[in-house]
Amino acid sequence: MSQNAYLPKLGRIAAIKEEVAGARAIKTFRIEFVNGDGFEHDCGQCAMISVFGKGESMISIASAPHVKDYKQFSIMRTGRVTTALHDLNVGDVVGVRGPYGNKFPVKDWKGKNLIFIGGGCGLAPIWPVVQTAVNERRQFGNITVFYGGRSSRDIMYRNELEKLKGDVDVHLSIDAQEEGWDGYCGFVPANVMTKAPKADNAIAITCGPPIMIKYVIQNLKELGFEDDMIYTTIENKMKCGIGKCGRCNVGKDYVCVNGPVYSWAALKDLPQEY
Amino acid sequence: MIDVAALKAHAKSLLEKGSVRAVIGYRKSTAGLLAEPATIADADATDDLIFDPTCVQNLALYLVNDKKERVHSRSDDKRPIAVVAKGCDSRAITVLLQEKHFPRESVHVIGVSCEGTGVVDARKLAKKLDGKKALSVNFDGSEAFSITTEDGAQSIPAAEVMAERCLECRSAHPTLSDMTFGEAKSERALHAPFQAVKHKMKDEQDNRWAFWARQFDRCLRCYACRSVCPMCYCEECVVDSINFAVLPDTTADEKADRIKWIERSPARSETAMYHMVRAIHLAGRCVDCAECERVCPVNIPLRLLNTRLEMEAFETFEYNPGSDMNAPTLTSSFRDTDPNSFIR
Amino acid sequence: MANAVETAKDETGFEPKIVAFLCKWCSSAGSDLAGVSRLQYPSNAVPITIMCSGSMSPMFVLSAFNKGADGVLVSGCHPGDCHYLKGNFFARRKIYLVQKLLQFVGLENDRFRMSWVSAAEGVKFAGVVDEFVKDIKKLGPQTRLKAKR
Amino acid sequence: MTKRTGVFVCHCGNNIAATVDVARVAKEMGEVEGVIFSKDYVYMCSDPGQSTMANAIKDNKLDSVVVSCCSPTLHEKTFREVTEDGGELNPYRCEIANIREQCAWVHKDKPKATEKALKITKAAIKRVQNNQSLTPIGVPVTKKVMVIGGGVAGIQAALDLANAGLQVVLVEKSPTLGGNMIKLSETFPTLDCSQCILSPKMVEVSKNKNIKLLTQAEVQDVSGFVGNFKVKVRQKAIFVDPELCKICDDCSKVCPTVVKNEYDENLTARRAIFIPFAQAIPATYTLDESSCLGLNPVVCGKCADVCEVGAINYDMRPKIITEDVGAIVVATGFDLYGKENLGEYGMGKYDNVLDGLQFERLCSASGPTGGHVLRPSDHKEPKNVVFIQCAGSRDPESHCAYCSKICCMYTAKHATLYKHHVPDGQAYVFYIDIRSGGKGYEEFVQRSMERDEVMYLRGRVSKVYEQDGKMVVKGVDTISGKNVQIDADMVVLALAMQPSKGTADVAKTLKIGRDKDGFLAEAHPKLRPVESVTAGIFLAGAAQAPKDIPETVCQASAAASKVIALLSKDELMHSPAIAKVRLSHCTGCEMCVQACPYGAISLTGPGAKASVNDVLCEGCGTCQAVCLRAAIDVKNITQLQIHDMINASLGV
Amino acid sequence: MTKTVAMEKMLNKADLAAWMGKLDSHRLFSPALEDEDVWNYMPVEEAAKVLLNHPNTVRPPKGFVFPQREVLYEYSQVPGEAPVLNETLPDPAPAVVFGVRPCDSRGLVRQDIVFTKEYEDPYYQGRRAKVIYVGQACNQPPSPNCFCMSVGGSPCAEDGLDVLMTELDGKYHVKALTPRGSELLAKGGELFKDAQAADKAAVEKAHASAKAHPQRPIKDLGKVAGALKANFDSPAWDEMAKACIGCGICTFLCPTCHCFDISDEVKCSSPCKGERVRTWDSCQFPDFTMHTSGHNPRETLGSRLRQRVCHKFLYFVENHDTQQCTGCGRCVSLCPVGIDIVSVVERLGQP
Ligand SMILES: Cc1cc2nc3c(=O)[nH]c(=O)nc-3n(C[C@H](O)[C@H](O)[C@H](O)COP(=O)(O)OP(=O)(O)OC[C@H]3O[C@@H](n4cnc5c(N)ncnc54)[C@H](O)[C@@H]3O)c2cc1C
Ligand SMILES: Cc1cc2nc3c(=O)[nH]c(=O)nc-3n(C[C@H](O)[C@H](O)[C@H](O)COP(=O)(O)OP(=O)(O)OC[C@H]3O[C@@H](n4cnc5c(N)ncnc54)[C@H](O)[C@@H]3O)c2cc1C
Ligand code: SF4
Ligand code: SF4
Ligand code: SF4
Ligand code: SF4
Ligand code: SF4
Ligand code: SF4
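Chains as they are written, first to last, in my numbering: chain Y, 144 to 417; chain L, 10 to 353; chain A, 200 to 348; chain S, -4 to 647; chain E, -10 to 340.
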């Protein structure tokens, strides 16, 4: 097919995993391209997923770039398209176009300590970085993951996180006390403070609800992290993915092209319209 | 004639006493002849207020917008807001009160009577002046406008350049107000109501369709007509929404199940449906301020469409929108004597 | 499959697509009676049973035309007989307005009709549909409000 | 949206299969999005059909089913039960597509009928895919009933209810039970004495332990809904303790004020402290505040002085009594059409122009004349009496449009009674036509004409005036076409019956409708004649329409039995297919509130948005069509569902 | 588009129709009354009636290259099977649009930047390649709200045009600006005479006098961007937007605005069939940026007015070194409530 950026490639759903149930349900979809189509991506990039008759949604690619056989997406059911996606079954075919956006400069981080701080479904956009770092474990220093959900049922990638233990310091938390929970209870930024990771030679990568990000950044700065040592991703409504439809425009940036990955140093200067 | 100085003084004293949050009125625009709606919170700025035949906008809209804004800003200032209201504006406010959009005590209505005239139709005026640019329009006695152009001032009989709606106006005196400027004139001796609609109704059906098809085809779906309508205050319009009504507890299902009655494409069928739904929704609510028609950048005669059902409301159901804030609405009431013979 | 959901067109000509909104208690029951009495009428009108003619939103009428209906019929209980007391009185007022509007924009008068059919009026129901189909056949396909799809 | 729909297409033997290609319907419906099982079967409603369905639901984990078969009025219940019991699926996940009555039976052309069956079935699929699982709403009931109005209707209803073991609160506005009937002399068609048949019932009421009688009381406010009403009753102060009152009449003898006695239709007088009549229930004197000189020993206090038992207490104050009841029977009865309205007949102007009830009093042994028909002006026996029927009835131009139904009969009765009292007198009756439907009624009228030689004149009276001590009645006899003039001694008008004063207020308080004549409106004129439009509120007696005693009693017992049935369960089940508000879209415009026929919606909460009372809502959807912003929808027949059904019916 | 040496010719006014007649391989458009008072680019039905004496059209000519509705592709999908997509790239017949005002052609240049810089939008390109813009210099300002010169343009600006015509006494001075323009003139053959020195002088005079018409000024255009940035948080945005009704007039009718929405238009629900289309959208609509969660980064009218003005006078300048406003004055004249981009820039875009 042509170079038409609006035309999706087709992908078959190879597996569906229910991460979180309930009102804010999240499912992870493993999608394999059909017809020999496909594209490569970088950590932090996203793709537009189409359910024909319903529309398109921009979703972060949650699998690591080195995984070539499929792409993985973790999608929260929130509206028309995402509900339609949640209604699909293994074997169904959807449209996928991308990759869109910039990337986490993972290559520049070789040799550094990586600290991941995620909340809720905000783990998905930074998960490829975690995967990449673990895959090239020796290239990096200490890897620490802070992750929290509202309750133990809201913890996504539970098994994967368990498997990481050993290679990686994993600190899980839930917002409120629950029976049988032996991890931290409280909000993620507070958990970060109690463990107080060192800022030396470190990069902090965070994603989650805006209010969480706000406190995480505050706390990180208290711990001595400089603005350019903190990375996050932002979301804005998107339609085209190629900087034309105008929707995700913030200041001079189009989030779909110039984002979604920002260092706090860069984000600070952007108008707060995200 | 309206004593504008007294109006200003009234506005000023309201603000000085702090008895209102702000005054919604008119001021001179930088963009052209027509006045600009102004929300004035500062007593000193009341001097900017004007009232002349260029004050065409229906300011009831800004009461609606004010409510939205206050919800957004979580303001807890309980004082009323004052608004300058012509006859049609006050009817619109009455409909809003009837629909419990806000409580009566939250608005202080400064009524202004249109007496024997009304407001100017900028397009008619431009034609009348044949290329000359009007700089200002003022009342000139009770039946004429004084128009200033680069060549000086001239007086034109108001009826020649008056908005159609004013020619057909059934109550040019505010029906609801806390303070009124200008006198009530019962004799206006202008056009009979619904003249334009009745004229169009005489046309052959096929011609009527050809006419409307041409109009609908031209529509941009910019939604200015709806945005300017004080009655189209819905958070989310059923026909085609440019806003979503979402509360913190709105479920994913509710969002996913929004009905798409029409497409956003500017196709004839979709546009026709948009305008017809609006006309139906305005039945018994449209106060004929004709703002929809005025704002349309491509001159679609929406007043003609919307007053069609107004005519039915008035003539068939003896329902006069904006006359009684305590009455049930047109479509949420009925009479045993409603027409029945059209049913087989 | 594709033609399954389209109205079959016989060689002789145009088969109108009609949506008939019937209130559950009278008109739908009336159409049942027509069935029990084995009355024959054309198959063009697809019934949609609604609780009460009072629940007939003008949106349904306009939408049906938008989706390509050649005719729309609304039928409810006679005045005074509404199962829900007065739903049909509200319907009457609203439908009257919708009809006037459709006529004003120039949709052919005969394409939109309302009738009162009681549960006992099986014959009337069959007659209403029969007549409606005939009238619409005379008009041919509805093109004015139909979306080009 | 459901994802696993099953479709079952019934052949109905050959009933459907002869004209609809059921196999094709089953096949094509199997290809519709979300349908994972589709099958045709010869008789879906048969036992094997039902188990096929039940098994298919379980085996395929269906989450919604459509049965394409006969009218839902026949088997919706059956298939929903199968869905629930056999399929272990919520019954509301089952919808019926009617392809028999609405399709197979009315078309002959098989391809066309099949096309239509496809559309009908697809529409049902689209609908069911957005159905919610619903459970009927259970509402606990209070096993207590309020009866409003203590006329014969109220008395009968209260007794029936009390005898069925229910607690009853009987609220009567006046100081005594009995209503209009207790004032009657003898009753048609059998001419038995009204008081003789009603008094024992009144006594029974006062003795029945299950009945709480509140006289001089009126309902002030009603909230709640069927099974759970909360009623506030305001009871006037009567200033006499009924427990102590011995009915000795000492008090009234000393009372200085004299006023007209409404219990004798103002033909006699009474004191400020009085008993309406000897058999009044409750049996006690009562002090009428409005005619008393001042309720104060300083001003008068004579009655209190003479009352030996000290039953009189000037310090009594009105009471507000709150009662929780499960149902309400309204039996507020009738009044005669206002006399002031009939000036043309000299009503209210001449003493000798009487209304029917006054005449009843004249005939009554306990009445002002001790049962002798004497004319009020001079207490002479009238020799010529003119009875005018339809006085105020059947006159849409100037009076009431309706027929008061009983006047023909009671006029015949009056004329008969008159003749019994004054055998040498002449009774004339002006009538339009005679309506004497009812057991023994026609015979009764005939008797009055033949045996009692009552002179029936067909025609209207144009004028009544007094001349030389006579009442001149001018009219036309339309049969002979001649003008007639009768110089009568007395004229009796059969005034129209109208809803009793205050009916409008009662209806408003109870939120029940009234018809165009002001009578209380029944839920359905044919099928639900004793129910009001509001669930749990029932009607009895003349408040609903003019009627005579047998009919009144019938209706009262019918209302009572409806209530007994209603309250026989501990919980009421209400259909869950009711309206639901999308709060994000509601602007609180109140249109739905105005339109809901059941008053089920009110504005509540911050920002005042619509809220539906689950129990009052009947699911009619009137609100849905009135709401401009589609903020209110009836569950399982939402606008989204109708939208989808429209599309399916048009093949879009 | 590479510029060649301009070719300057003269055309008798009376010969305009004849020239048009020779362009029958193209669809021709020129400003005409679509309905009472509504000037629009309409297909030329009778060349002799084309007068080119129009005020500014209500719609800019952007629809020729960026129509309000563009089908991106058609899809169809049977449940359980793979969807079938059918790309629908536009391939319209070539068209010549006459009477394009220089502000509008400069708008086209802005559209080019958006749709072809970095990524070439195939739909835009497909149409752009087929449309020839014949401009018309504004001897008289066509609208009282014109301010082209205040934003770096002029009543006789040439950018974006293939041909520029200037009305002189009884004649048009016709200047071909691109090879496509030259071809168009070549088709006229004999009708065109070479412009003489006197003609050139007359044109220059006409242009000079056009430029001398007073326009609404914007002081220090170069400093506007900086000032807007500094005033980003000013409460004046909300104040100036108070009257705004949030409609789409200003953006839909702006020759430079390019925002769009993409949505699925369903023709049949099962089997699922339909079109994916893009339609104009507006940053002034509240749902433009509203997330599904209800969170809206630009919730207030003020923030949306700021977006419109800053996009045109700040962000576009930062990205492309030019304003995204060409001073056509439409948004000023057509705004129902007098929101005036010039006074906004005057108030918030001045240091
Ligand atoms: C860069 C980026 C990465 C994202 N990654 C993920 C992810 O990994 N997992 C996930 O669950 N969600 C992600 N989202 C959010 C996701 O795009 C929205 O939840 C989704 O578009 C909602 O679509 P809908 O049709 O279900 O909602 P509807 O309300 O039905 O759709 C409304 C429209 O609004 C747009 N929209 C609404 N909210 C958003 C939003 N927050 N962001 C962008 N567009 C929106 C959609 O384009 C849609 O067309 C991401 C968004 C962005 C911008
Ligand atoms: C002249 C005449 C002669 C008649 N003769 C005969 C006859 O011979 N045979 C026959 O079958 N029928 C006869 N009828 C008809 C008969 O009187 C009625 O059918 C019967 O009285 C109806 O009874 P009811 O209980 O419905 O109403 P009512 O008798 O009117 O009783 C209503 C009761 O409700 C009370 N009430 C009213 N409003 C309220 C309130 N808001 N709150 C509390 N209490 C309230 C009233 O005080 C009254 O006690 C005659 C009627 C008339 C007028
Ligand atoms: S319509 Fe009537 S009230 Fe409104 S401006 Fe015109 S004259 Fe005044
Ligand atoms: S204002 Fe005019 S162009 Fe805009 S949507 Fe309304 S009718 Fe259409
Ligand atoms: S057209 Fe109807 S739904 Fe839309 S905004 Fe107006 S009133 Fe509301
Ligand atoms: S009609 Fe609609 S918007 Fe109005 S109160 Fe009822 S539910 Fe709310
Ligand atoms: S569905 Fe009918 S009964 Fe229920 S709230 Fe709506 S109008 Fe009232
Ligand atoms: S912003 Fe306004 S003046 Fe500038 S080009 Fe756009 S419409 Fe014209």
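I should point out that these hints are in silico values taken from the structure, not numbers from a laboratory.
Here the structure is a predicted model, which is why all the values come from computation and not from measurement.
Heads up, the beta-carbon is just placed ideally off N, CA and C, and yes, glycines get one too.
Check each hint, because a few of them may be wrong.
Claimed, not checked - Each computed DSBU-like pair below joins lysine-lysine, with the alpha-carbon atoms no more than 30 Å apart:
hint, chain 1, residue 1, chain 2, residue 2
1, A, Lys323, L, Lys209
2, Y, Lys395, E, Lys38
3, Y, Lys380, S, Lys521
4, L, Lys269, Y, Lys197
5, E, Lys256, A, Lys336
6, S, Lys107, A, Lys333
7, S, Lys521, L, Lys269
8, L, Lys109, S, Lys503
9, Y, Lys357, L, Lys77
10, L, Lys207, A, Lys323
11, L, Lys136, E, Lys38
12, E, Lys218, L, Lys37
13, S, Lys521, L, Lys77
14, Y, Lys246, E, Lys218
15, E, Lys106, Y, Lys380
16, L, Lys136, E, Lys208
17, A, Lys323, S, Lys503
18, L, Lys269, S, Lys630
19, L, Lys207, Y, Lys380
20, E, Lys176, L, Lys142
21, E, Lys212, L, Lys37
22, Y, Lys160, S, Lys56
23, L, Lys109, A, Lys299
24, L, Lys142, E, Lys200
25, S, Lys225, L, Lys109
26, L, Lys141, E, Lys106
27, Y, Lys197, S, Lys630
28, S, Lys575, L, Lys76
29, S, Lys521, A, Lys323
Stated by the list, open to error - Computed footprint of chain L on chain S, listed as stretches where at least three residues anywhere in the stretch have a Cβ under 8 Å from a Cβ of chain L:
hint, segment
30, 413 to 423
31, 571 to 579
- [ ] Could you tell me which of the numbered hints above are not met by this structure, giving the numbers in increasing order?
- [x] The structure breaks hints 1, 2, 3, 7, 10, 13, 16, 17, 19, 20, 26 and 30; every other hint is satisfied.
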